[in-house]
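J.: Residue numbers (my numbering), protein chains in the order written: chain A, 26 to 335; chain B, 10 to 302.
These are computed hints drawn from the structure, not numbers from a lab. Note that the structure is a prediction, hence the values are computed from the model and not measured. Hints are supplied without guarantee of correctness; some may be wrong.
Restricting the straight-line Cα-Cα distance to at most 16 Å, the calculated cross-link-like pairs of lysine to aspartate or glutamate (EDC-like) are [to be verified]:
| no. | chain 1 | residue 1 | chain 2 | residue 2 |
| --- | --- | --- | --- | --- |
| 1 | B | LYS182 | A | GLU273 |
| 2 | A | LYS206 | B | ASP85 |
| 3 | B | LYS182 | A | GLU319 |
| 4 | B | LYS158 | A | GLU333 |
| 5 | B | LYS99 | B | GLU144 |
| 6 | B | LYS120 | B | GLU93 |
| 7 | A | LYS297 | B | ASP85 |
| 8 | B | LYS291 | B | GLU242 |
| 9 | A | LYS297 | B | GLU71 |
Just a few of them, taken from the derived set where beta-carbon distance is under 8 Å, the chain A residues facing chain B [stated by the list, open to error]:
| no. | residue |
| --- | --- |
| 10 | LEU71 |
| 11 | ILE119 |
| 12 | HIS128 |
| 13 | THR283 |
| 14 | GLN308 |
In this text, a Cβ means the ideal position worked out from N, Cα and C, and glycines have one as well.
Residue-level listing of the chains:
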Amino acid sequence: MHLSLTSALAVFLLSLQAPVSAAEITPADVTEVAPGAFVRHGVHALIDKNNAGGIANIGFVIGSESIAVIDSGGSFLDGARLRAAIKQRSNLPIRYVINTHVHPDHIFGNAAFLQDTPIFIGHRNLPRAMQARGAHYLAANKLLMSAAAFEGTEVIPPSQTVESQSVIDLGERRLVLDAVKTAHTDADLTVLDESTGTLWTGDLLFQKHLPVVDGRLKGWLEVMDKLSALPVTRAVPGHGPVSLPWPEALEPQRAYLTKLAGDLRGLIAEGKTMRHASSIAGQSERDKWLLFEEFNTRNATAGFAELEWE
Amino acid sequence: MRALTLTSANMARRFLTSLALFAVASLPAGAAVAAEDIWPELKEDIFGDRPILDGQDWVQLEAPYRAHDAAVVPIDIAALRPQEKDRYIKSITLVIDENPAPVAAVFHLGKSIGLASLSTRVRVNAYSHIRAIAEANDGQLYMVSRFVKASGGCSAPAGKDPDEALASMGRMKLRQFPMSTKPAAPKVSTAVSGGMSELREAQIMIRHPNHSGLQMDQITRYFIPAHYVSDIEVRQGDEVILAVEGAISLSEDPSIRFHYVPNGSSQLNVVIEDTEDQVFTKSWDIQSASSGS
């Protein structure tokens, strides 16, 4: 474990700013999916001026001694709302903020928790992914949401990383963190709440909202096979209903990714160009998903670049 | 690489002494807003005061209207006339105005390329004009451009799997396409010179992270050096078909699709160099016209 210089700097920078005061924060609306496990449902939309980046499922788990946040939301305001929802329910310390991967809707609320001086935890590749993408995400998302929501948003890298597997204890409640191989992204982390049999998948699981490929299509399908064998009762997906039965919850996503890969392999064999293939692959799945138009071409583009090497 | 004056290495050196990580890190991405037309200044940097004419009779530039995946944006340059003996394109420069290093690549076309149609993949950081500037054999420049909208909030012009790209760095693949499945034929018809009927199409791919060098190491505060494919040369036998000067705007695992007219050689020979002076070479037997990869 090492506390990064960046975290220290971020604390300093934050102290110079004046984010929305706690009194004005509306607590996030959360659902208790298992005893002591709360999820804020993310709207199925792109980040825009109305949603403050609150498009992902984010939440927290309360133990007998401390609390872990699992993904902090899409903006400082989104994170502050989640924090307010925690404070309504418990005065235990927020000791951990876990980021399931690098995407801004999961990490941009981190700064709202700096005042709790938690340990920020992520996949071993998360610091590198934040370096490579953080500045771009800040610039791009600042334009998408309101200034009031974005103000105070910073990239806060993990102070502790998970090499393969780590366990944290919230007091009579163990969370098992697994760093998986490249799938949805190259820094995906799952969180298993053993005592309730609840698996927080981050964006390794989508439902309703079209899955987004920003890693490896084949790796993702393989990771899903491994996850499906876990003895859990429910999953909290990164996007979709706040609680889903396991492992059936994987089926729609598996069907989509399998179809997309099959289409792409066929188009590659026919010698189609990436631009042409990405406009065709996966289109038969259009009516089964929300935000299909926004993400299918992107998935087909990334999948083409990957599968062309087979 | 003289033409590529705006490389990340230069940017990195310029900013090395700064202490404020976030202030510095946000600079390259400041280009997320295409606030003003920077082309006049860019044009001066790249081509000096040479006049550039409308290129719509020479080439067509195809790109998605939106950079769906900022890290992998497919670009097709379709030649609208064949390479004729006394009238041909000798080079094509691909420019992405708003990228930190706007010159993505310069393609130098050999005599046996037959048709100046090329496909590649680039990174697109922001709403940006993308330009293909063709230089004819008489030195005249012709330009076509398209405007590409930036990707959404969770896409970034970074690698998908840097570990894998690094682990398999230098691995190459050549795809040879049978003519029967050639995509949308360019408008090459009666003007086709002798031998054009034998026009072939192939694609060279190389595993390489093509690191932009725009990332700062959090512990040392130094920029991680850029590490990218700087040169790709494809020959049939000894004859150069295509020589490419690459830069950081080319995607991870660079790929170039091109044409050539067979000269009787039995092999395609490829030499690729990167900015760390690594050289990767490989040869493939040229397949018969009817079989594909």
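J.: Double-check HIS128/A for me: the hint is only fine if its C-beta lies closer than 8 Å to a C-beta in chain B.
T.: With a minimum Cβ separation of about 4 Å from chain B (threshold 8 Å), the hint on HIS128/A holds.
J.: Using the nearest Cβ pair, does ILE119/A come within less than 8 Å of chain B?
T.: 23 Å, violated
J.: Keeping to a limit of 16 Å between CA atoms, is the pair of LYS182/B and GLU319/A held or broken?
T.: 31 Å, violated
J.: With a cut-off of 8 Å on the beta carbons, see whether GLN308/A makes it to chain B.
T.: 14 Å, violated
J.: LYS297/A and GLU71/B were given as a pair; does the straight-line alpha-carbon distance stay at or below 16 Å?
T.: 15 Å, holds
J.: Taking the least C-beta to C-beta distance, is LEU71/A closer than 8 Å to chain B?
T.: Holds: closest Cβ of chain B sits about 6 Å from LEU71/A, inside 8 Å.
J.: Take a quick look at whether LYS120/B and GLU93/B sit within 16 Å of each other, Cα to Cα.
T.: 9 Å, holds
J.: Going straight from one Cα to the other, do LYS99/B and GLU144/B come out at no more than 16 Å?
T.: Between LYS99/B and GLU144/B the Cα gap is close to 6 Å, so the pair holds against 16 Å.
J.: So if I understand the rule, the pair passes when the alpha-carbon distance is 16 Å or less; does LYS158/B with GLU333/A pass?
T.: Roughly 26 Å between the alpha carbons, so the hint for LYS158/B and GLU333/A is violated.
J.: Within a Cα-Cα threshold of 16 Å, do LYS182/B and GLU273/A meet the stated pairing?
T.: This hinted pair is violated, its Cα atoms lying about 39 Å apart.
J.: Holds or violated: are the alpha carbons of LYS291/B and GLU242/B at most 16 Å from each other?
T.: 11 Å, holds
J.: LYS297/A and ASP85/B: Cα distance at most 16 Å?
T.: 12 Å, holds
Violation of the numbered hints given earlier is confined to hints 1, 2, 3, 4, 11, 13 and 14; the remaining hints are satisfied by the structure.
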